[in-house]
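S.K.: Single-letter residue listing:
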Amino acid sequence: MRIAILTDIHANREAFAAVLADVDQRKVQQIVLLGDIVGYGPDPEWCCARAMQLAGAGALVVQGNHDAAVAKPDTSMNITARRAMDWTRPRLSPGQVAFLSGLPMTHRIGDLLFVHASANDPQDWIYVTSAQRAMPSFRVCQDRVIFCGHVHVPRLISCDINNRVAEQPIPMGNPVPLIRSRRWLAVVGAVGQPRDGRPQAGYAVMDTVRNELSFMRVPYDTATTVAKLRAAGLPESLAMRLQSGA
Amino acid sequence: MRTRPQTGMEIDGFTLGEKLHEGGFATIWDVTHALYRTPLVMKVPKIMDGDDGPTIVGFEVEQMILPRLTGVHVPRVVGVGDFTAMPYIVTERIPGDSMLKLFLDAPSPLSEVIELGARMAAAVHDLHRQHVIHLDLKPENFLQRPTGEMVLVDYGLSRHDQIPDLLAEEFTIPMGTFPYIAPEQYLRSRIDPRSDIFALGAMLYQLATGKYPFGKPEKLRGVKKRLWRDPVPPRALVPDLPEWLQEIILRALEVDPARRYQTAAQMMFDLTHPTQVKLTDRAAKLQQDGFGTVFRRWRKMRRVKGFAAPASVQSQISRAPIMLVAVDLSHEMERLADQLRLNVQRMLVTEPDMRVACVNVIKTHRMAIDNVLDDEGNHMHVSRLVGLKHWAEGIDLGEDRLTYTVLENTDPAAAIIDYARHNHVDHILMGARGHSTTRRYLGSVSSQVVAESHCSVTVIRLRETEDSAAA
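The listed protein sequences derive, respectively, from chains R and C.
If you're matching positions, the first sequence starts at 743 in the working numbering and goes up one per residue.
If you're matching positions, the second sequence starts at 872 in the working numbering and goes up one per residue.
Below, a sample of chain C positions facing chain R; criterion: calculated Cβ distance under 8 Å:
1) I927
2) E931
3) I1034
4) P1035
Among the chain R residues that face chain C by a calculated CB cut under 10 Å, a handful are:
5) D902
6) N904
7) A908
8) P911
9) G915
10) R952
11) E954
Keep in mind that the hints were calculated from the coordinates and are not lab data.
Note that the Cβ used here is the ideal one computed from N, Cα and C, for glycine as well.
With the rest of the complex left out, here is chain C (with noise of 0.2 Å):
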């Protein structure tokens, strides 16, 4: 019916170089513009004559959510056509292959299942935060920037929370990639940021091991399987994967959405703090359920309709939070570090879904060798990481959701700022000490923190009593 893309061809002052790919909705090819300097792809839908439903509306889909998002995890848009000429979406060209090779060499070492997996959820963590779910993870779909970043592409399944999804009304069918697709996906789920997280344990598991978790399945109904059967333990395939690795991947492809991480920022803030991976009976499986249990779940699951879901990608968002107490632990500050403790216990009751980071920061000296014993001989480190512990006995997080870290640092509020945004910290909570002259011209740590951080931070002060402030 229109004009189709080949070498050479103009269009609205893009030409055509080589093509790139060719895939089975669409191909991609390497234009230039007079305009613009950077290397660009062109991405042109293949629209068989006729009425090729599927195809067009997830194109549509992708021009709709695509110029919506910003940042280093997706590409940048550069323009866009519709359907009177040539239906096409142009944007800059990410340099270099998808993740597939490397996904097809699998297994790989662990050291870059890890940081891979780490950079991954960061960038679907973006994604979530833009009020888009991807819903079509693949290795296929993640590029890499030379700088390290993970760019996701294809959004042509994509949900976003605030705008019409055109895929819904249209088909009935489960849409997804079938070895990666959550089994609320299945269910025909579209509103789910976690399933997302699904796919990335998927790939997760797939990177660990070399296979995939729950086969290739060719038909949809090998699809379903996933509801009941559990796949085969990863240490079960590569003996030497650590527990806490195991734990991570076999949450994140829980069936119940609510039992996996409620956010990509969380599982991305386990990857990357191995040592605080809190295990359970996850960890230690070494085989498969055996036939009752799994008879269980099948009896169970086969009449399943679908799981709660949250009502938008940013409630699940907020509602799962990760919050960085900054604890001073110095013993003229107990009473700072109770209420500190209070606030987070309050705040529990409200998030219940969220993760404690606790924090506490060794000031160092910029020129002088530190001394990392305390005058009792103990080593500070460790006798902080005891001190942050203690303080936190009585708030009630079960699992994993509570983690320790002790940071050092010249500059204990470039620290904590630093910190929280490494790790996606939605927000802050720390105490400030009395006022004081000294404090007013030499500043705070606190309200350094308020100023330069990314997130939400919020500073608890004691009231000063009226001895107290008149000393």
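Chain R on its own, in the form it takes in the complex (with noise of 0.2 Å):
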């Protein structure tokens, strides 16, 4: 089975149209969804729809931190974020709204493991952005392979039979073997809010079969969705951040 992980969508519209588009065109069985469909861009009706009629044709969801927030504000959220959480919030349906907070905060498929943060503690929001801060996931569960996003830094961490932890490099666009001798912690890019350098929406392919991982990246048109952003009077740092992709 191929099964596409998306990340951080963030209310990017144009980003998720076109990691869909791609995804469309790699023989992909399942959707996985790591959360934070909402929260920075200036989408979330769109993007929290699309995700529900997802969810409704079998892709799995699970909650993001800005996914929570939409009910239950974050008081630990930064000021750009929590602006354009206040932002978002009167935008979204009742509908909406139950969807994105009662969203299950961990998935299964076999022996892989989908969450929005981290394998330990999900809830509390934990940013995996070493080898060392893996290290928790791999020691609270079994699963051999545990997804997640929130960095929206892509990374991959193996763990081997030793217990030691160690960051492999990421080959962009090449299908990586997730050998069965270790297990494995993929962080995967963001679709909305790529922060690794690259304006490109991020997401990933796990081949269950060939037991391959592939990260991949799209271009989507910035430009659009920068002008959204700013003409819904969004933090221009949000806008910046965009064209960058860092």
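Take the two lone chains, each set in its own frame, and fit them into one complex as the hints suggest.
M.R.: Here you go:
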């Protein structure tokens, strides 16, 4: 089975649509959304509606911190995120708010675990920004591959039979064999707000038969999204971020 | 900690037969499986209890790389097992022994050295094309199919340039087999496909002379010496070894990768075209360099940290392509031939390591006995060769990267396509004659080459002038 894993869509309609169009070309049987469907971006209604539609068609969706913050304000969020959230909240329908706040924290398919931030204490929204920070995720579960988002920077970390963790370079666009002698944690890059220096939308495809993971990048029309952000009066830093991907 | 392999054991549907081989790091077993008729072997790493890092990582590297490889030069993988029960890799069984015995009986007859060397280089080039550098080439790792193709085994030290290198992060000591390891591998490089060229050179040296070019060092310190100490020239050991073969061997054994063959295909090309090998000082050498030269080299090399390496295996191969230029020497095609030469010169600007094989085809007749002499009584083959060389004047390719071949065939397109395939040609450059109704119906040589070649083909056509189009 081929699984497309999308995360951190952040109300970026153009990026979300571009990635879904790319997914369509890749013979994918299952879609998993790792949360943060809304927040930051100018199109929360459309993105949320599209996610609900995908969920209705069998996609698995887990909750991200921005999704949770729609119903329950999160005081730990930075000022930009909070301003964007205050802008987002009144735009969502009651049905959409119920969908976002009712999402589960994790999903599993076979020996794959899907979570927004980290496998350990997922509700604490911990950032996996290094191999060391992935260690607790490996400790708390038995799953062979853990997929998470939240950081907006793609990362691949392995844990060998002696429980040594190591970050592996990501060959963008080329499949990495996730050999079974190790356990793996993949931080999938953001669809709607990449922060690794490339503005293209990120996602990943896991092929469970070949046991290979591919990190993908898809170009999209950033200019349109940026124009919408500015028209909506959202913080300018969000627009700059989409243009630079950093 | 885990299950140990033994005869009769069953795992994931595989039944272990007899133990075929026991090496330092792994055992090899004959196995059967209800779903497979072909003979299979299982490789099981010898993992001692506790922390056995190198063996484990080597096994993981092989598990990552081997299943991605395809083609006749690699064993086909049918199953892999992780550490939960017993780690293993099952592949098709290649019958017969490795090349080891043959190498122990070296020196081999000249014809065998050349023929084996070419087949070994072909296998290595196929691997490089698939983004993999073997990094542990030695006679034990070459098996042979009944059809003659060499099969490369043991990818425990290999590097795939598109997947994470598990070995790079774990160990800082140089890895490889001491008699064959390249100088840059000693300096910890794991990204240069030309390291495999060096190992090929060391093996050819051994096969031709019966000796290791750098002895058989026991310690790492002994390996370092090859950075400044040149091997005894093969012709000093085997006086009747031809100069061109010494040229090939010593070129492959150059310390700086930039001075070696740039691809295995280029090395194979020389092995299969001995008369066209350009001889340099390497060919004539009959003794090792003198004390002064070696001392100067030692002063320079002992502090060397590394050599310039390519960005990837792929970039190295595409930087040093083999291009076939099919030249039509007939009088009316002169302007087209000039255009072809201009194009070659232009391509050399962007790909300076390119090798150019100039080819001309004599079309023979199926039935009649061909007259090998032309109207003036000149030998046709020779006169074409002279013509080709004349055409190539002005192509500035130093040393040895320009060759001339005249082929004879009833079907010129087929001759070009075959030659390109056998010589791992990356790119064919040829001219097309102008448009004409006859050509459209009978088909042209260039269109057949474009349709049937395995590599890129660029077709050059002269822009039709007003009056020639009207004619």
